[in-house]
Structures are given as C-alpha cells and as structure tokens.
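Engineer: As numbered in the numbering used here, residues 456 to 592 make up the sequence shown, in order.
A few of these clues could be false.
As the list claims (entries may be wrong) - No farther apart than 16 Å at their CA atoms in a straight line, the calculated lysine to aspartate or glutamate pairs in the EDC-like style are these:
#, residue 1, residue 2
1, Lys498, Glu538
2, Lys582, Glu538
3, Lys498, Glu487
4, Lys498, Asp463
5, Lys582, Glu475
6, Lys498, Glu484
Hints listed in this document are in silico derivations from the structure and should not be mistaken for laboratory results.
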Amino acid sequence: MRLTRHTDYALRILLQAAVEPERRLSIAEVAEAQGIARNHAMKLVNELAGAGLLATVRGRGGGFALGRPAGEIGIGEVVRLTEPDLRPADCENCALSPGCGLTPMLSGAVRAFLAELDRFTLADAAKGTRVPLLIPT
Numbered sequence: 456m457r458l459t460r461h462t463d464y465a466l467r468i469l470l471q472a473a474v475e476p477e478r479r480l481s482i483a484e485v486a487e488a489q490g491i492a493r494n495h496a497m498k499l500v501n502e503l504a505g506a507g508l509l510a511t512v513r514g515r516g517g518g519f520a521l522g523r524p525a526g527e528i529g530i531g532e533v534v535r536l537t538e539p540d541l542r543p544a545d546c547e548n549c550a551l552s553p554g555c556g557l558t559p560m561l562s563g564a565v566r567a568f569l570a571e572l573d574r575f576t577l578a579d580a581a582k583g584t585r586v587p588l589l590i591p592t
C-alpha cells in the first residue's frame, strides 16, 4: 500500500510539531524545512486543525502546535483523515466484482494495514525522529 504525498506531508507536519512541543511553529518555517510548498502546507495545517490535531493561533506571534498530546494522536487516525481512498483496487468497476474471491483478501489487507498503524501514536513516531533545525521566522 502506498500513501499519498498529502498524507506523507501531514505526517511530517505533525512530527515536526511533536518533536518541538515547546513552541508554536510557522507554516513558512515548516514548509521550508520539510520541502513542502507553502500553499500545500497551509491547506494541510488547516485540515489538521479542523480535525483537532493541530491548534492554531493567528496574527503576529501566531503559528501552530499539536492540538492534543502526541500520545493521543494515532497514526491510523491521521491516515484515515488524509487518505481519500484506501482501496488497493477498483473492485466497484470490475466485471468480476459480484463473485470475485480477491475482493475479501484485499479488504482484509487494508484492515490489517490500518490495524498495524492503529497500534502506534505520534509520540511513538516522534521517538528518535530528528527533524531539520527550524529558525523562527
């Protein structure tokens, strides 16, 4: 299973916030440090804030930080939020779908994938993670 770039970037932003919990981060500094387009980072921060994973403060001295403790943010939760379609194949448009034996196998694989991710939190992922040094903007 391959995750989209959208999910990859969301996880990077959350990891950056988890590793630097003592301060608010700016979209500009995280976008630069992570090599993410600023507009894309802004959309992701808004999406993650809307889901309660990030807390944002507008204006001068503003920025974002985790909206909940890293130990309460599940990796599976983030993947479910940011992945538009977790199906590994287009079974709905397949001529074999009414009686295909592969469909339950693929569904089981997705369930197993998510169950594995559900075992871990952002705090688990942050342990040992080294992120680029951010210089406040």
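Engineer: Does the alpha-carbon distance linking lysine 498 and glutamate 487 stay inside the 16 Å limit?
Structural biologist: The given pair, whose Cα atoms are some 15 Å apart, holds under the 16 Å limit.
Engineer: Does the structure keep lysine 498 and glutamate 538 at a Cα separation of 16 Å or less?
Structural biologist: At roughly 14 Å apart (the allowed maximum being 16 Å), glutamate 538 and lysine 498 satisfy the hint.
Engineer: What's the verdict on lysine 498 and aspartate 463, does the C-alpha distance respect the 16 Å limit or exceed it?
Structural biologist: Measuring from Cα to Cα gives roughly 14 Å; hence the hint holds.
Engineer: Lysine 582 and glutamate 475: Cα distance at most 16 Å?
Structural biologist: At roughly 12 Å apart (the allowed maximum being 16 Å), glutamate 475 and lysine 582 satisfy the hint.
Engineer: Straight-line Cα separation of lysine 498 and glutamate 484 no greater than 16 Å?
Structural biologist: 15 Å, holds
Engineer: If you draw a straight line from the CA of lysine 582 to the CA of glutamate 538, is it 16 Å or shorter?
Structural biologist: Roughly 24 Å separates the two Cα atoms, so the pair is violated.
Hint 2 from the earlier list is the only one contradicted by this structure; the remaining hints agree with it.
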